[in-house]
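Novice: Residue numbers (full-length UniProt numbering), protein chains in the order written: chain A, 1 to 97; chain B, 1 to 97; chain C, 1 to 97; chain D, 1 to 97.
Because the hints were derived from the structure by calculation, they are not lab data.
Do not take every clue at face value.
What the hints assert, rightly or not - Among chain C residues calculated to face chain A with C-beta under 8 Å, some are:
#  : residue
1  : Gln9
2  : Gln14
3  : Ile19
4  : Leu22
5  : Ala30
6  : Val73
7  : Tyr74
8  : Met75
9  : His76
10 : Val84
Unchecked claim - Simulated pairs of lysine-lysine, DSS-like, Cα-Cα distance not exceeding 25 Å:
#  : chain 1 : residue 1 : chain 2 : residue 2
11 : A       : Lys27     : C       : Lys59
12 : A       : Lys48     : D       : Lys58
13 : C       : Lys36     : D       : Lys59
14 : B       : Lys59     : B       : Lys26
15 : C       : Lys59     : B       : Lys48
16 : C       : Lys48     : D       : Lys58
17 : C       : Lys27     : A       : Lys48
18 : D       : Lys36     : D       : Lys59
19 : B       : Lys58     : A       : Lys41
20 : A       : Lys26     : B       : Lys27
21 : D       : Lys26     : C       : Lys26
22 : A       : Lys27     : B       : Lys59
23 : D       : Lys59     : C       : Lys26
24 : B       : Lys58     : B       : Lys27
Ideal Cβ positions, reconstructed from N, Cα and C, are used throughout, including at glycine.
4 protein chains.
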Amino acid sequence: MSTLQASAQNQLRQFVEQIERLEEEKKQLASDIRDKYTEAKSVGFDVKALRQIVRLRKKSNEERQEEESILEVYMHALGMLDTVPDTSVVDKMMAAE
Amino acid sequence: MSTLQASAQNQLRQFVEQIERLEEEKKQLASDIRDKYTEAKSVGFDVKALRQIVRLRKKSNEERQEEESILEVYMHALGMLDTVPDTSVVDKMMAAE
Amino acid sequence: MSTLQASAQNQLRQFVEQIERLEEEKKQLASDIRDKYTEAKSVGFDVKALRQIVRLRKKSNEERQEEESILEVYMHALGMLDTVPDTSVVDKMMAAE
Amino acid sequence: MSTLQASAQNQLRQFVEQIERLEEEKKQLASDIRDKYTEAKSVGFDVKALRQIVRLRKKSNEERQEEESILEVYMHALGMLDTVPDTSVVDKMMAAE
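Next up, chain A with everything else stripped away, as it sits in the complex:
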């Protein structure tokens, strides 16, 4: 037999329609998020910084500070930073030598 049985056809249709509904909702949310950034920009906020804030708030303070410290050590090593970086994290860097 070269077609699906009726029960499998119904099951397939259900899956497709459920997935389509979920994808439609997701698409709407993506649009709502874009609108929020547009609204924030319209009242003078910097969208790039706002996106960065949202990303950073997904990390713990410790995680954020450690990442920042390591970055500063590297930036200083490459002449991208005038100030000498905070020592408290640098032990981790010693392994780089």
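Chains B, C and D: place on chain A using the hints.
Specialist: What follows is chains B, C and D alone, placed relative to chain A:
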């Protein structure tokens, strides 16, 4: 003064929290969609074909058939197709010579 | 000590510069690929079909035909296909009931 | 006629093969870049910071410092930063009120 005024601080916080809520909902929907495909796979459906169906249903029948016909003409030209493609769409292809 | 040793600084700079060179080459190739599609379009080829051909040629004939057959069975089940699909692949589908 | 003329067939094949060669080279470069990061990690460098350095070096010092300053003003406004941010950039922020 090197900080935002109170009103701007509140506005900023509101934007950030609204965006975070929307992103959380979007993340949940993405997870629901993945679960649907997993469920479909568990009852024997082919996930790759199911994804392709969802993509194809976003196109009109005409759009889909035209794309398919052009593709077949190219596949035949490259020896990827044994059967000779349907002529009805091939006029469009003539510009390729 | 709050900075990298000289040897680690040099090593870091080398890694960064090597990665930058590789990324620059990759960026150039991406641009060359875009130019090829633009050139093909200018002489009348359909870029969407051309991209699809490049994708399909990464698969073996068997893989491609099996995927196509399963897709046709699903499309027929959802009323997206008038012709009855080829039976040779449908056994795989039976698990869907 | 339902197929491409010989000249168009050759032209199509040339485009496909040129694109495939370029994509293969691009794939190889992506793999080389991954290897570089793996190598850097193996001698103790922090890959996340290394990627961030490569990203930052694509920006001018001014661009980078302005972005950093705006971010700090936002972070301070949201209680993510103990120190009071550098005032030199904050004028730009005043529009946010």
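Novice: Each of the hints needs a verdict: does it hold here or not?
Specialist: Okay, the hints, checked on the actual structure:
Here the hint on glutamine 9 of chain C is kept, as its CB sits about 4 Å from the closest CB of chain A, short of 8 Å. A least Cβ separation of about 11 Å between glutamine 14 of chain C and chain A goes past the 8 Å threshold, and the interface hint is therefore violated. Because the smallest distance between the Cβ of isoleucine 19 of chain C and any Cβ of chain A comes to about 13 Å, over 8 Å, the interface hint for this residue is violated. Of the supplied interface hints, the one on leucine 22 of chain C is violated, with its beta-carbon coming no nearer than about 18 Å to a beta-carbon of chain A, more than 8 Å.
Hint status for alanine 30 of chain C relative to chain A: violated, with the closest Cβ pair at about 23 Å, above 8 Å. Residue-level restraint check for valine 73 of chain C holds (minimum Cβ-Cβ distance to chain A is 6 Å; threshold 8 Å). This hint holds: tyrosine 74 of chain C has a C-beta 6 Å from the nearest C-beta of chain A, less than the 8 Å allowed. Annotation: methionine 75 of chain C was flagged as interfacial toward chain A, and the flag is violated, the nearest CB pair being 10 Å apart, outside 8 Å.
At about 6 Å, the closest approach between the beta carbon of histidine 76 of chain C and any beta carbon in chain A falls short of 8 Å, and the interface hint on this residue holds. Against a cut-off of 8 Å between C-beta atoms, the interface hint on valine 84 of chain C holds, since the closest Cβ of chain A lies about 5 Å away. The straight-line distance between the Cα atoms of lysine 27 of chain A and lysine 59 of chain C is roughly 31 Å, outside the 25 Å bound, and the hint therefore fails. Under the criterion of a C-alpha separation no larger than 25 Å, the hint pairing lysine 48 of chain A with lysine 58 of chain D is consistent with the structure, at around 16 Å.
The hinted pair formed by lysine 36 of chain C and lysine 59 of chain D fails the criterion: a straight-line CA distance of about 29 Å is larger than 25 Å. Restraint check: the Cα-Cα separation between lysine 59 of chain B and lysine 26 of chain B comes to about 24 Å, which is no more than 25 Å; the hinted pair holds. With a C-alpha separation of about 14 Å, the suggested pair lysine 59 of chain C and lysine 48 of chain B falls inside the 25 Å cut-off, and the hint holds. Proximity of lysine 48 of chain C to lysine 58 of chain D is assessed by CA-CA distance (about 32 Å); at most 25 Å being required, the pair is judged violated.
At roughly 23 Å between alpha-carbon atoms, lysine 27 of chain C and lysine 48 of chain A fall within 25 Å of each other, so this suggested pair holds. This hinted pair checks out: lysine 36 of chain D and lysine 59 of chain D have alpha carbons roughly 22 Å apart, not beyond 25 Å. Of the supplied pair hints, the one linking lysine 58 of chain B and lysine 41 of chain A is violated, its CA atoms being roughly 32 Å apart against a limit of 25 Å. For the given pair, lysine 26 of chain A sits about 9 Å from lysine 27 of chain B by alpha-carbon distance, which is consistent with the 25 Å threshold.
The hinted pair formed by lysine 26 of chain D and lysine 26 of chain C meets the criterion: a straight-line CA distance of about 6 Å does not exceed 25 Å. The suggested pairing of lysine 27 of chain A with lysine 59 of chain B holds, with an alpha-carbon distance near 17 Å, which does not exceed 25 Å. For the hint linking lysine 59 of chain D to lysine 26 of chain C, the alpha-carbon distance of about 19 Å falls within 25 Å, and the restraint holds. Among the hinted pairs, lysine 58 of chain B with lysine 27 of chain B is consistent with the structure: their alpha-carbon atoms are about 22 Å apart, no more than 25 Å.
The earlier numbered hints that this structure contradicts are 2, 3, 4, 5, 8, 11, 13, 16, 19.
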